[in-house]
Amino acid sequence: MSTDPPGTFDIDRPWQVDPRVSLRPEPFGALLYHFGTRRLSFLKNQRVLAVVRSLADHPSARAACAAAGVTEAELPAYTRALSALADSKMISERRAA
Amino acid sequence: MTLTPEASAPGKLTDLFQLGLDAPICLTWELTYACNLSCVHCLSSSGRRDPAELTTDECKQVIDTLERMQVFYVNIGGGEPTVRSDFWELVDYATAHHVGVKFSTNGVKITSEVAARLAASDYVDVQISLDGATAAVNDAVRGAGSYATAMRAMENLYSAGFRGFKLSVVMTRQNIPQLDAFKAIADRFGAQLRLTRLRPSGRGADVWHDLHPTAEQQRELYDWLVAHGEQVLTGDSFFHLSAYGSALPGLNLCGAGRVVCLIDPVGDVYACPFAIHENFLAGNIRHPGGFETVWRSSSLFASLRAPDTGGACRSCGFYDSCRGGCMAAKFFTGLPLDGPDPECVQGYGAAALAAAPTSTPRPSVDHSHRKVPVTIGRRRPPDRSCDENPLAGLAERH
Numbered sequence: 001m002s003t004d005p006p007g008t009f010d011i012d013r014p015w016q017v018d019p020r021v022s023l024r025p026e027p028f029g030a031l032l033y034h035f036g037t038r039r040l041s042f043l044k045n046q047r048v049l050a051v052v053r054s055l056a057d058h059p060s061a062r063a064a065c066a067a068a069g070v071t072e073a074e075l076p077a078y079t080r081a082l083s084a085l086a087d088s089k090m091i092s093e094r095r096a097a
Numbered sequence: 001m002t003l004t005p006e007a008s009a010p011g012k013l014t015d016l017f018q019l020g021l022d023a024p025i026c027l028t029w030e031l032t033y034a035c036n037l038s039c040v041h042c043l044s045s046s047g048r049r050d051p052a053e054l055t056t057d058e059c060k061q062v063i064d065t066l067e068r069m070q071v072f073y074v075n076i077g078g079g080e081p082t083v084r085s086d087f088w089e090l091v092d093y094a095t096a097h098h099v100g101v102k103f104s105t106n107g108v109k110i111t112s113e114v115a116a117r118l119a120a121s122d123y124v125d126v127q128i129s130l131d132g133a134t135a136a137v138n139d140a141v142r143g144a145g146s147y148a149t150a151m152r153a154m155e156n157l158y159s160a161g162f163r164g165f166k167l168s169v170v171m172t173r174q175n176i177p178q179l180d181a182f183k184a185i186a187d188r189f190g191a192q193l194r195l196t197r198l199r200p201s202g203r204g205a206d207v208w209h210d211l212h213p214t215a216e217q218q219r220e221l222y223d224w225l226v227a228h229g230e231q232v233l234t235g236d237s238f239f240h241l242s243a244y245g246s247a248l249p250g251l252n253l254c255g256a257g258r259v260v261c262l263i264d265p266v267g268d269v270y271a272c273p274f275a276i277h278e279n280f281l282a283g284n285i286r287h288p289g290g291f292e293t294v295w296r297s298s299s300l301f302a303s304l305r306a307p308d309t310g311g312a313c314r315s316c317g318f319y320d321s322c323r324g325g326c327m328a329a330k331f332f333t334g335l336p337l338d339g340p341d342p343e344c345v346q347g348y349g350a351a352a353l354a355a356a357p358t359s360t361p362r363p364s365v366d367h368s369h370r371k372v373p374v375t376i377g378r379r380r381p382p383d384r385s386c387d388e389n390p391l392a393g394l395a396e397r398h
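One line per chain: the protein sequences are A and Y, in this order.
Residue 18 in my numbering sits at position 18 of the first sequence, with consecutive numbering throughout.
Residue 202 in my numbering sits at position 202 of the second sequence, with consecutive numbering throughout.
Quick caveat, the hints were computed from the structure, so don't treat them as lab data.
Quantities reported herein were computed from a predicted structural model and do not represent experimental measurements.
It is possible that some hints are incorrect.
What the hints assert, rightly or not - Now the stretches of chain Y that chain A is said to cover, found in silico as 3 or more residues with beta-carbon under 8 Å:
| no. | region |
| --- | --- |
| 1 | 67 to 77 |
| 2 | 121 to 127 |
| 3 | 174 to 186 |
Unchecked claim - So these bits of chain Y aren't anywhere near chain A, every CB distance computed over 10 Å:
| no. | residue |
| --- | --- |
| 4 | 16 |
| 5 | 57 |
| 6 | 339 |
Heads up, the beta-carbon is just placed ideally off N, CA and C, and yes, glycines get one too.
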């Protein structure tokens, strides 16, 4: 689990959906529920869902965004969304084993 | 019982939820009508076990369904769920199948051994019910000795290292002056305070007029909740108070049949835990198709997911804040469902109550212990000095 304080999301680091989060696809995107914090959050479109789901397959969040077709112009909005998910612990940084 | 999750996402999500989801976010599952207590305001009129309660295997099938539907967690209640001999087996089965468990208890079975076991799991949360910050206020509602039982359970959880369990309080006229004292108890045990609304449901219908907060107390509660923000949970049950001004944290929406529902001990599915009445019965999980079919195909749930018209409240400037309040509170106080909540903070509820029919709907099922329940406040003297009938005095009750 990431113990970083809020506001430390780094798009060039490797990320993953936190192991204690359950992600449920919905027609509008997805719902996420964190069993540790017992909080609910949501992803508001299919593309952000694609990014979040593939985080673990890429060396960085930036690479996951690129693979999902996020353009440079769109990147700030996706960075904000991922940053919010990191603050609420829905995604966490992958550490070397 | 929590009606809706303590959601952190405001705004647009409410509009999506309004029309319902393919699966509930969470649901309330009352495992048994059996209870060691006889709380005067029990939502489910619990007391005695129903012989038709779901078997262990049937409960596991329900859990399998919830796993398939990706229901995040269940709020297990009762009755007192821990008195079921298979309770821990079912908790373990649910968590092993990725269905989180939050259970409500009066604490009767939370020994130090049980507490240690609970403290070890991320997927189990515990909610201890306490309705008074002092034994006098609590035991008048929940019965003699229930304060001591709850305090012992919290002590055991705290000693076992369980942090962040919930201290759950139903707000009444008698305990609203104790808000700070409840917070102090929660802080002492490393717990999070959860305050919920008194509903006129189940046996609550009999005591609602004596127990529900006054208008001044509702304002006091609202201000207290605003001051404490997200530190204090509410199960999003006070959205009718949003008509005072700014919305409280969480989903300000009635989730009944849209994002939550209730499964009762015999497998009946109701729109919400506060609406155990045939008018809100959507189906039974024992019927073909099980819970999934009830959730997706019930005509009752379809009607609850239709866009609100607002009815008599539509012209009120606060409708978008409170959305007319709680369906169950209206129903069991005899008010029309498309009008104001009986505790409408703009005062429309009081006027509607004055004009409401004197006979209100009764719960469809009652498993109360066959004995005189705890009475509020001071017991009244015998009706006549020679009165020996054990039912004496009951006729005077509402």
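Hints versus structure:
1. 67 to 77: Per the Cβ count (3), the hint holds.
2. 121 to 127: With 3 residues close enough to chain A, the hint holds.
3. 174 to 186: Coverage by chain A is violated here, the residue count being 0 at a Cβ distance below 8 Å.
4. 16: violated, 6 Å
5. 57: At about 25 Å from chain A, residue 57 of chain Y clears the 10 Å cut-off, so the statement holds.
6. 339: holds, 31 Å
Of the hints listed earlier, those the structure fails to meet are numbers 3 and 4, in rising order.
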